[in-house]
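Visitor: So you can see what is in the structure, the chains are spelled out below.
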Amino acid sequence: MHIHELNPWRTLIALSIFVIILVIGFLTMPKPQLTFEKSISESVDALEESEAYFYPWQLEDIINDKPDNVVLFDIRDNFIFGQGHIPGAENLSANVLSQKDNIERMKELRDMGVTVVLYGEDELQANGPWMLYRQIGFNNVKLLKGGYSYFKAHKDDLASTKNDEGYKTGLPRYDYAKMAAPKDGAALNIESENKPVQIRRREKTNVAAGGC
Amino acid sequence: MSKDKVISDQPKYINPYLGGVLLGLLIIVTVFITGRGLGASGSIKSAVVTTSSTVAPSATKANSYMGQFISDDHSPMFNWLVFESFGVLLGGLLSGLIFGRVKKFRTDHGPKITSKKRWVIALIGGALFGIGSQFGRGCTSGAALSGSATFALGGVIVMFGIFGTGYVIAYFFRKLWI
Amino acid sequence: MGPLIPNGIIGEGWDFVIAILIGIAFGFILEAAGFSSSRNLAGVFYGYNFVVLRVFFTALIVAMVGLMYFDYFGWLDLSKIFILPTYVTPMIVGGVIMGLGFILGGYCPGTSFTGIAIGKLDALFFTIGLYVGIFGFSLAFPLFEGFYDSGALGNVTLTDVTGIPASYFALAFTIVALAAFWGTMVIEKRVRKNMKQYKF
Amino acid sequence: MNRNYIFLTILMIILAAGTVFLTMDSEPKQIEPEELLQEIIQPTRYVSTDQVAKMIIQGDPSLMLVDVRSEEEFAKYSLPRSINIPIKNLLSDGNLGYFGVPGTKVVFISDDDIKADQMWVFVKRLGFGSTYVMKGGLNCWMQTIIDPERPSDDAPYKDFETYTFRKGAQMYFTGAGADVPDASKIDVLVRRREKTNIASGGC
Chain G
1 MHIHELNPWR TLIALSIFVI ILVIGFLTMP KPQLTFEKSI SESVDALEES
51 EAYFYPWQLE DIINDKPDNV VLFDIRDNFI FGQGHIPGAE NLSANVLSQK
101 DNIERMKELR DMGVTVVLYG EDELQANGPW MLYRQIGFNN VKLLKGGYSY
151 FKAHKDDLAS TKNDEGYKTG LPRYDYAKMA APKDGAALNI ESENKPVQIR
201 RREKTNVAAG GC
Chain F
1001 MSKDKVISDQ PKYINPYLGG VLLGLLIIVT VFITGRGLGA SGSIKSAVVT
1051 TSSTVAPSAT KANSYMGQFI SDDHSPMFNW LVFESFGVLL GGLLSGLIFG
1101 RVKKFRTDHG PKITSKKRWV IALIGGALFG IGSQFGRGCT SGAALSGSAT
1151 FALGGVIVMF GIFGTGYVIA YFFRKLWI
Chain V
2001 MGPLIPNGII GEGWDFVIAI LIGIAFGFIL EAAGFSSSRN LAGVFYGYNF
2051 VVLRVFFTAL IVAMVGLMYF DYFGWLDLSK IFILPTYVTP MIVGGVIMGL
2101 GFILGGYCPG TSFTGIAIGK LDALFFTIGL YVGIFGFSLA FPLFEGFYDS
2151 GALGNVTLTD VTGIPASYFA LAFTIVALAA FWGTMVIEKR VRKNMKQYKF
Chain U
3001 MNRNYIFLTI LMIILAAGTV FLTMDSEPKQ IEPEELLQEI IQPTRYVSTD
3051 QVAKMIIQGD PSLMLVDVRS EEEFAKYSLP RSINIPIKNL LSDGNLGYFG
3101 VPGTKVVFIS DDDIKADQMW VFVKRLGFGS TYVMKGGLNC WMQTIIDPER
3151 PSDDAPYKDF ETYTFRKGAQ MYFTGAGADV PDASKIDVLV RRREKTNIAS
3201 GGC
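Protein chains in written order, with our numbering: chain G, 1 to 212; chain F, 1001 to 1178; chain V, 2001 to 2200; chain U, 3001 to 3203.
Everything labelled a hint here was simulated from the structure, so no lab data went into it. Among the hints, a few may not be true.
[Claimed, not checked] Lysine-lysine pairs mimicking DSSO-like chemistry, simulated, CA-CA at most 30 Å apart:
#1 F:Lys1112 - V:Lys2193
#2 G:Lys168 - U:Lys3105
#3 G:Lys100 - G:Lys66
#4 G:Lys31 - V:Lys2080
#5 U:Lys3105 - G:Lys38
[As the list claims (entries may be wrong)] Far from chain V, by Cβ distances over 12 Å, these chain G residues were calculated:
#6 Glu5
#7 Val44
#8 Leu47
#9 Glu51
#10 Val70
#11 Asp101
#12 Glu104
#13 Arg105
#14 Asp111
#15 Leu158
#16 Glu165
#17 Thr169
All values derive from a computational prediction rather than experimental measurement. Even glycine gets a Cβ: it sits at the ideal position worked out from N, Cα and C.
Please take these sequences and the hints and turn them into a complete structure.
Guide: Okay, structure coming up:
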């Protein structure tokens, strides 16, 4: 006795429609332009690799020889770039980094084996974009230690920066514990004794603000 | 040979696998649109709460179980599952009309029992199912099917509970059906 | 994108219209697949008609697999959908009682509605029974209120409990279901040799 | 006819097996690279040492300082109420539970700002908001809060305000019972001006 239709051709049609929907899903799925190639923990470890950084004294060769296999990208904005930059650097402002043609350009450079050096005003500014590029698989992207400000201060004698500690980061510059130890009031107030007011010409407006 | 001919003249049910695929797609669509699966027993619960609160409003509110389904804004019948169950009735009718199965009132029963006995047993079975569905947070369609399809642990427990028990005790009730 | 209503893509006002449409489709499929006859349904336990097993498990695996693909395509956010809360012991007890009710009554709530729609009196009695059962449950609820809420695990999925990815469950269910389909085909043939025809 | 059933069976197994490969790449939740890049180029994540000092002094309960230096360095000196999560331990010991708590602001601190910024990028990649980097790090903290430099006498008034605040903060953090150099100015601090730009002299 057969009270149910036994021929499965309609089932086949129904399942085929299902498969077609799934195929459409695959085809229309927004394909991410970028994907993370390194997991978080891999990226954490990768921060230690010294080949991921570019050192100020290495700039000397770049400026003099202009090799084809290294490109300098200045990620500051166009206006500041115009006021001064490392010779031979190209401007690639941070806010256009994610534009499609710039990503394409980075991919081309990677495929050609060109080293890309990112720098900003200081090391911090380029740190984020550099980390992102490393995480999405651009292992040719390096970060200029010290940034533009360090370069500017030492541009006449880059070779000697090899032995300089000034651009290094992640180091305590003070003995925190000693410095922050409780002091007695007298010690604190020595420097703040009122000096006679002298009218001087200020060299810079924000000297007093005590930037780091 | 002649017997087969008689059967082939009769309206057939669709291929069970076709029904399954369609039902699966329907669950996907339901989850896609509403974010939850199908259900059936919930509408009966709404009906119980509604009649109970119409007959004895204060007693119903005081009941710790039914009380939680009463809200002051609207009747418990104004519920997704009630509308869905109404649709199930319509859909069943539609299918019955199309395939020619809507006939005068009749009863399915095993060859060894009478219609009257079948009614009593159906009533008891329904009552048990009603109690069980409250413990299980849903019936075959709500908990076992939609629950399992969304990988809920509870759905799988209910599914194995129903079918497992069914197979274990089927032997003792064979007179009802075969 | 989905689920559409919780994400506000379809307004709340459409909720009940959609409910009726989904219900119609549900009822149509159940009836057309033969779920409006209690003898068809009960057949799964006696080996003469495995329509319940076939429809149920086909639907289950199609839905499971489909939902996973939909999630992957970004069409449906599986983390936003309703997950049935789990209460271990009440659910086991409930499942056992429902199994008993299934054997006796020959229907489950959804299928009994379609049975009523085409004029089955036993389906009507089953539905009345459901009503009586739930009403009785409500009245007696204070007796087992503690039990009703025992073993609560919250809205957990299989993955939450076991740590195994959902896709492995989908694959396992699919393989088991397909094996069951082929197995029951053989069983059904054997059992039916000794059976009398029944009308539907 | 049986051939069709075999075909259906195989199709279904392929579909189900396909799901196993889908979920491979969606491990811990993280934001898309484009989104991360958009966040990275925003300078809004930097807070000055003055802002941090002010929040500590005011006892802002929403502030959580996370020191990303090594454990030894943290043991030697740390800011009050700060907790230590070295970058390497970010994913371990349930450290992620510190982030994404509604209503809190997480500020990362390291010797200078590079390590803290790196931590920020990782935490951001994991999708947590309300995270900041203390610009200049502890070196700047020493320079500006612990040992502030007196502005020259003809410096703008604002610099003096900053200096006065820093002097007050110095006493708070070093625990020195110093004479208030200019009592009237300290009053200004006590009044808790919400909108003044104490960050003017920054790192």
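Visitor: If a hint holds in the structure, say so; if it doesn't, say that too.
Guide: We went through each hint and held it up to the structure:
1. F:Lys1112 - V:Lys2193: holds (19 Å)
2. G:Lys168 - U:Lys3105: holds (29 Å)
3. G:Lys100 - G:Lys66: holds (27 Å)
4. G:Lys31 - V:Lys2080: holds (23 Å)
5. U:Lys3105 - G:Lys38: Measuring from Cα to Cα gives roughly 28 Å; hence the hint holds.
6. Glu5: violated (10 Å)
7. Val44: Nearest chain V Cβ is 25 Å from Val44 (chain G), so the label holds.
8. Leu47: holds (31 Å)
9. Glu51: holds (36 Å)
10. Val70: The assertion about Val70 (chain G) holds, with a minimum of 40 Å to chain V.
11. Asp101: holds (26 Å)
12. Glu104: holds (24 Å)
13. Arg105: Fine: 28 Å to the nearest Cβ keeps Arg105 (chain G) off the interface.
14. Asp111: holds (29 Å)
15. Leu158: holds (50 Å)
16. Glu165: With a cut-off of 12 Å, Glu165 (chain G) remains clear of chain V, as the shortest Cβ separation is near 49 Å.
17. Thr169: holds (39 Å)
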